[in-house]
Amino acid sequence: MNELLAGVITGIFFGFIMQKAQVIRYDRQLGALRLQDMTIVKFMLTTILIAMVGIYFLLDLGLIKLSIKPLILGGNILGGLIFGVGWGIVGYCPATAMGALGEGRYDSVFGLLGMMVGAGIFAEFYPMLKRTVLTWGDFGRITLPAALGINHWLIIVILCAAFIGLFVWFEKKGL
Amino acid sequence: MNVLREKKWSPYAAGALAGILLVLSVFITGKYFGASTTFVRAAGFIEQAVAPDKVASMDYFIKEKAKVDWQFMFVIGVLLGSLVSSWISKEKKAVAVPSMWEGRFGPSRMRRWVAAFLGGIVVMFGARLADGCPSGHGLSGLAQIALSGYISLICFFLGGVIIARMLYGGGNSHE
Chain C
48 MNELLAGVIT
58 GIFFGFIMQK
68 AQVIRYDRQL
78 GALRLQDMTI
88 VKFMLTTILI
98 AMVGIYFLLD
108 LGLIKLSIKP
118 LILGGNILGG
128 LIFGVGWGIV
138 GYCPATAMGA
148 LGEGRYDSVF
158 GLLGMMVGAG
168 IFAEFYPMLK
178 RTVLTWGDFG
188 RITLPAALGI
198 NHWLIIVILC
208 AAFIGLFVWF
218 EKKGL
Chain B
-8 MNVLREKKWS
2 PYAAGALAGI
12 LLVLSVFITG
22 KYFGASTTFV
32 RAAGFIEQAV
42 APDKVASMDY
52 FIKEKAKVDW
62 QFMFVIGVLL
72 GSLVSSWISK
82 EKKAVAVPSM
92 WEGRFGPSRM
102 RRWVAAFLGG
112 IVVMFGARLA
122 DGCPSGHGLS
132 GLAQIALSGY
142 ISLICFFLGG
152 VIIARMLYGG
162 GNSHE
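These protein sequence lines map, in sequence, to chains C and B. With the first letter of the first sequence counted as 1, position 69 gets the number 116 in my numbering; the numbers rise by one all the way through. With the first letter of the second sequence counted as 1, position 175 gets the number 166 in my numbering; the numbers rise by one all the way through.
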C-alpha cells in the first residue's frame, strides 16, 4: 500500500479512537498531571500493554522489526522534563493538539503554532546540543530485557501485572 | 453502528483498540506511531520558503528533511479522525478556552492563547531534545520496552506534574 495513504488511514483511526476516549482534551491531560483523573494514563497503558504483547509475538515469529530510539540520558531526561513543563502549560501533546483541533478546541491552534516555532528554535540549537547534552550518557538503542539479559516474555508478564495492578488501584481510588 | 455515535468509550476499550492499531501498523507497513518529527518537517517547509539556503545548510533540517512522509500524513489523519468522531457523536463545538483553565485563570482568550503558544514552544523543544513525544517515546517506545521510552515518559509526567502543581496548587479542588 502507498505509504502516505497508509499514514493518513492509520491516523484517522487513531484520532477517532482518541476522541472517543476523550484523551485529547486539555481537562483530561491536566487532570492526569494534577493526579485527579487517570483517563489518559489508562488509555496509554492499555495501548502499550496490547501492543507490547503483539509486537513481541510478531518479533519472535520474525515478521517485524523493532525501531528503538537510543537511550541518551542527557537528552531523554532534560528534554523529557522540558517537555513536561510545556505540556503542563499548553495541556496538549503534539498528537492530541491535532486531535483537539479536529474536535473544535481551537486554543490548540496556538499550541500547534508554538510547536512549529519550538521545532525551528531547536533546529538552531541542534549543532550545539549535539556536541553537549546529546552526548551525555549515551547507551545506544537498548531495551530493558537486553539491558538486564532476561527473556523478554518474563519482563512482559511482570509489566502486564504491574499495569493491571495500577488499573485496579485507579478504579479503587476513583481516579 | 450505535457504538460509533457514543460520546465516550472506556479508556481501556479504546486503549486496546489503539494497541491493536499499532500492532497492525507495524505488521503491515513497519511504521511505529510518532508525531513530533512532523513539526520539524513543517517548520522546515515554512523556513525553506523564506530562507532556502539557510535551511539547506542546517544540520537538523538535513537530518529531518522537509518532506511529507508517513508520519506527516498520520498526524493529519489524527485531526481528521477526531473531526469525524466528534461529528457523528454530535460533540463537535468550538471551544476557545478549556473549562478547567477558565476555572483557574478566567475566561480571557488572549491569556489562554498566549500561554498555549508559549507552552507549545517549550513542548516541542523538549520533545526534540528527548527525541520523541508521548506517541513516539510513550506508546511506541514502551510497547517495545525501550529504556529511552521509559525514561522519557517518566520525565514527561514528572515535569508536567510539577508545573500543574505550580499552576493549580495542591488539593482536589476540581469538580
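If you're looking for bench data, these hints aren't it; they were derived computationally from the structure. The reader is advised that the hints may include incorrect statements.
The calculated lysine-lysine pairs, modelled on DSSO-like cross-linking and capped at a C-alpha distance of 30 Å, are [said to hold, decoys possible]:
#  : chain 1 : residue 1 : chain 2 : residue 2
1  : C       : K177      : B       : K22
2  : B       : K45       : C       : K177
3  : B       : K22       : B       : K56
4  : B       : K56       : B       : K45
5  : C       : K177      : B       : K(-1)
6  : B       : K45       : B       : K58
7  : C       : K220      : B       : K(-2)
8  : B       : K22       : C       : K112
9  : B       : K56       : C       : K177
10 : B       : K58       : B       : K22
11 : B       : K58       : C       : K112
12 : C       : K219      : B       : K45
13 : B       : K(-1)     : B       : K22
14 : C       : K219      : B       : K(-2)
15 : C       : K219      : C       : K112
16 : B       : K(-1)     : C       : K220
17 : B       : K56       : C       : K112
18 : B       : K56       : B       : K(-2)
19 : B       : K(-1)     : C       : K112
20 : B       : K(-2)     : B       : K58
21 : B       : K83       : B       : K(-1)
22 : B       : K83       : C       : K177
Every value quoted in this text rests on a predicted model; they were computed, and no experiment measured them.
Status of the hints after comparison with the structure:
1. K177(C) <-> K22(B): With a Cα-Cα distance of about 26 Å, the restraint between K177(C) and K22(B) holds, given a limit of 30 Å.
2. K45(B) <-> K177(C): holds (19 Å)
3. K22(B) <-> K56(B): holds (18 Å)
4. K56(B) <-> K45(B): holds (13 Å)
5. K177(C) <-> K(-1)(B): Distance ~43 Å between K177(C) and K(-1)(B) Cα, so the pair is violated.
6. K45(B) <-> K58(B): holds (16 Å)
7. K220(C) <-> K(-2)(B): Holds, at about 24 Å.
8. K22(B) <-> K112(C): holds (10 Å)
9. K56(B) <-> K177(C): Distance ~17 Å between K56(B) and K177(C) Cα, so the pair holds.
10. K58(B) <-> K22(B): Given that 30 Å is the threshold and the Cα spacing comes to 17 Å, the pair holds.
11. K58(B) <-> K112(C): holds (24 Å)
12. K219(C) <-> K45(B): Not OK: K219(C) and K45(B) at ~56 Å, beyond 30 Å, violated.
13. K(-1)(B) <-> K22(B): Distance ~28 Å between K(-1)(B) and K22(B) Cα, so the pair holds.
14. K219(C) <-> K(-2)(B): Holds - the C-alpha atoms of K(-2)(B) and K219(C) are around 24 Å apart, at most 30 Å.
15. K219(C) <-> K112(C): Since the Cα atoms of K219(C) and K112(C) sit roughly 38 Å apart, the hinted pair is violated (cutoff 30 Å).
16. K(-1)(B) <-> K220(C): holds (21 Å)
17. K56(B) <-> K112(C): Holds, at roughly 23 Å.
18. K56(B) <-> K(-2)(B): Not OK: K56(B) and K(-2)(B) at ~39 Å, beyond 30 Å, violated.
19. K(-1)(B) <-> K112(C): Distance ~34 Å between K(-1)(B) and K112(C) Cα, so the pair is violated.
20. K(-2)(B) <-> K58(B): violated (36 Å)
21. K83(B) <-> K(-1)(B): holds (13 Å)
22. K83(B) <-> K177(C): Answer violated: K83(B) to K177(C) is near 43 Å, above 30 Å.
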